[in-house]
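*Asks:* Residues per chain are reported as follows:
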Amino acid sequence: MASFVAPSADRAGDSPPFVLAVEKMSTVAGWISALLIVSAVTITCQMIFVRFVLNGSTVWQTEAIVYLVIASTLFGLPFVQMLRGHVNVDLIPMWLPEKGRRRLLLLTLALSCLIVALMFIFGLEFWHQAYAGGWRSDTVWGVRLWIPYLPLPFGFGLLLLQLLSDLYAAAHRATVSPEQEAV
Amino acid sequence: MDPLLLGGLIALATILVLFSGLSVALGLLLVSAAFLLAFDGPRSLELMPEVFFGKLDSFALLSIPMFIIMGASIASTRAGADLYEALERWLTRVPGGLVISNIGACGLFAAMSGSSPATCAAIGKMGIPEMLKRGYPEGIATGSIAAGGTLGILIPPSVTMIVYGIATETSIGRLFLAGVFPGLLLVGLFMAWSLFATWRQGGRRKELVRYYSWKEKFQIMPRVLPFVMIIFGVLYAMYGGIATPSETAAVGALLCLFIAVVIYKLWNPQDLWAILRDSTRESVMILFIIAAAGVFSYMLSSLFVTQSIAEWIGTLDVNRWVLMAAVNLFLLIAGFFLPPVAVILMAAPILLPIIETAGFDPIWFAVVLTINMEIGLISPPVGLNLYVINGIAPDISLKTILAGSIPFVACMVIAILLLCLFPEIAIWLPETVMGKAL
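Sequences listed follow chains A and B, in order.
Numbering-wise (the numbering used here), the first sequence opens with residue 1 and increments by one.
Numbering-wise (the numbering used here), the second sequence opens with residue 1 and increments by one.
So here's chain B without its partners, still in its complex pose (with noise of 0.2 Å):
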């Protein structure tokens, strides 16, 4: 059959099996089975747990458990409302200031965190009841922390940019770094945007501004700055070339659980647990999807799906921004309904190739890949953070958190279409740090 064929024959069964229910990992592990067993014969089924195994043998692997463990300790203790009181109480005078210091504090947790939906059940249920009860509208209430969440995947340290090094073999340092401008643009469009909408619609009606001395505002600060001095020092060993990203993330995991333990006494091993068990259970479901896809990118391999898409893409007369634009709208579209570590692990041994190709740097794309991830995190059918919103806010209805969320949808479009004209947003942080990539 020819590969490009096989290659739509494999895409439609990918897409019936992850539909239907099955675990994203074990739909992968199902369709490359079939296709390898109905084109390539069964011997080479014997070769999947090896192949599966080779996928995981990797030192840069450590940096997932070890981050989401980072992310899990601090998601277990008071120190997203810790954040959020400090941040509120320094931003207190500002105009606009409640929604200013939820985004900003979105945007800080997601740098410690890493992960989208702990952002917005953190930050959210101190966040939204207090908009509302200042007379926010319930769109930008809900909304603001919503989009404020999906920066946990952009923010450094990001799981879903170690996906993508792992997946691409690219730089994870580099693409840290590439996230870290980017993640600031969204944060100021965002509050742009909360701003102008509070004030067209009259918001802060009922605005009960307390203003707090200086005394208050110091106060706050021992109880927030542990976590913050330690996404710094890791942040710092990685780039002053002290460790690797996985050594450092072990510090780094160690520490908070540390911190955790001792500030925000989680002394009870009911509440170790909790954390351990949480951070098991996310990083498995990750681990076990990579060593899935590995699977599955042999099977593509191994039928030359791979390389003949490549090579159709390379003969087609197209201009670069074209299919750049192509490539986002397929990205949206898998957004829409998968995670963004199944749609990276998927696409990216697929795109990468016809990427560097068209002349596009690896590193931005990214960040373009992440941006369009972080869209689908906030719109249906999947939207993870809309129903962690939902649950967190549940006399809001699902509509409004929605319709609330759609101008951050237009947010995030305008910081790729940025992205695409100045790519230097997302690529200068990494070679003036770095240097340029070979």
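Excised from the complex, chain A in its bound form (with noise of 0.2 Å):
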């Protein structure tokens, strides 16, 4: 199952700075997630009391919670992937002696690596897509869609080098235990 590993429990000391900037770099996306999250529960209580207090009507507040939360989501990505959150069943690695293990622990992470790159790759276009084409919503908002789908790369992308920092710390590891092996 899912191991809560502290970030730099395995790699204080001597990190080079990759691998540190990486770690500040989850850390804030983290911060960012959490601050998108807080930000869709004051919008949504807005919401309510505009609509069941003040009898107002709302235009833009479902599509933005609805936005923010996407956003929250993408966001956090490198940040639950540093604190090893990603929920995964490591059956296989717990069969396998040490060698076998860590050279799954590597294969398992490059090819987290290649989905991400392609998902960041492909995510990029779509969002050029929406900006070169002016798309906009068919609400009254209409809000233009290239910023919604901004933490589309923006997520993907910091997922993508928390990867490859864990590919970089697995390999110069000495040593893979089971709860290591956590991708």
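What the hints contain is simulated information worked out from the structure, not anything from laboratory work.
There are no misleading hints in this set.
List time: in silico SDA-like cross-link candidates among lysine to any residue, alpha-carbon distance up to 20 Å: (1) K436(B) / F360(B); (2) K399(B) / M94(A); (3) K24(A) / W273(B); (4) K436(B) / E356(B); (5) K436(B) / I425(B); (6) K217(B) / M229(B); (7) K133(B) / Y211(B); (8) K99(A) / F19(B); (9) K436(B) / E424(B); (10) K399(B) / L91(A); (11) K24(A) / Q270(B); (12) K125(B) / Y387(B); (13) K24(A) / A274(B); (14) K133(B) / Y212(B); (15) K399(B) / Y387(B); (16) K399(B) / P381(B); (17) K133(B) / W199(B); (18) K215(B) / W90(B).
Since each chain comes alone in its own frame, lean on the hints to assemble the complex.
*Replies:* Structure follows, in structure tokens:
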């Protein structure tokens, strides 16, 4: 299952600048993600107040809340990866000897980098299409869609950096315990 | 390639990838990309971010982070200990009162936090040492808390039920109501077994019963009532038609944060950050799986796998209860290895058409599915609750905890059988409160 490992538990001390920089970036992304969720809570409460107490109409709130939650999810991806919070099942690694476990860890990390890189590239392309085409949402608010789409390449880009940092740390680590296998 | 054969190949690849240690969400994305590339061409890969975004583009999803914030706020306070103490004071004269108050506290805390591991940790920290001190057998002390903790995903508000509602487009309000009586049934079965096992093993030899005065009993109530009132307030707002589940959950989250700061004095920014960090970690993890599972089901449907499986099952001439038994067995096995959210998101789109074709109620099925997932939480190899208990009671071996949990698994199987015989246990309350589903 998901293991909750302190971010720098196994790479404290002599971590290279790249790993440290990515760790800081992921932490900041985590703060942003938490702030976005808090904003969604606040706007939801404001919307309920306007609708039920002031009897007013709400135009932009529902859409904004949905986009805030999406942005929070995407910005949170590298932070949760750093905390080893993405749930996984490490059944095969548990059966493998030390050497095999290490190889599998490197393979799964490399595959993770590959799929996240794909999502980043196609996400960037999708965002660019929305930006160049001047796409707008078909609601009264009519928000420019490149704004809510922007966290897509950002989130996957930062997640890619975090995974590369994890791959680097794993490649330079002497031993791999089943707990560290969590990708 | 024949879509059914392709389905088998996808299932095999998914199992292999998920068991390799790759995170569930990334594993689902990887399998989806590989099969889309191989059988639908590279152009379909370009659609993956759009499908991913589209799956998250729903106001109903807001209820997930909101209920998680509610649970995290409650879990970070002394609320679990207060609840435990309150029930202990009130139930101390009841025979086997301690084990009953522990399971009752698990049920109530589960309703407030919506999280199984949080319930285990919050009640177990107080309950297990106290039960051991009073001579309850180790297996019952740990098994009752491990099993009681699983109620978190059944008793409303439950994040698992929300995820099922979103995956199958079923009313979340109905799902919450459907979980109430089965939840109480499980509480009753757990209590009955604990009392019987304690009596059989000659437990409570060293029982040191302390009797509390009425003053002492009422003294603790102000510390317990605020959170309980918020939960009932949230449920009332939802069923009173005042606001949607997402809206009420947001108000509930804000109120729970407020109570954590004002009543439990969590002024320190670090404490608040801990609540937000834990909520962010859990909600991002779940939402990432939801979006990735959306891409996965898009792949299955693009390659006509979902449709072919539903069609194939339709042509099979099997008794509907045999079909239900097979579905239960599949869910049970999946629940042994995968977290409930992942099982629901992967299985619901495929299983729901089959269930509906066979004439089963999707709301009733949600309850059966959730109890199957509860069994997975206290069964090896994953059994998250077993490890949580092992963490808070390291002197008791995992083998003893597991042996203590097995009778509670049997209670859950009995509950599933009772639900099959009397589906009204689940569907009576939603149909009475909200009318028949259209």
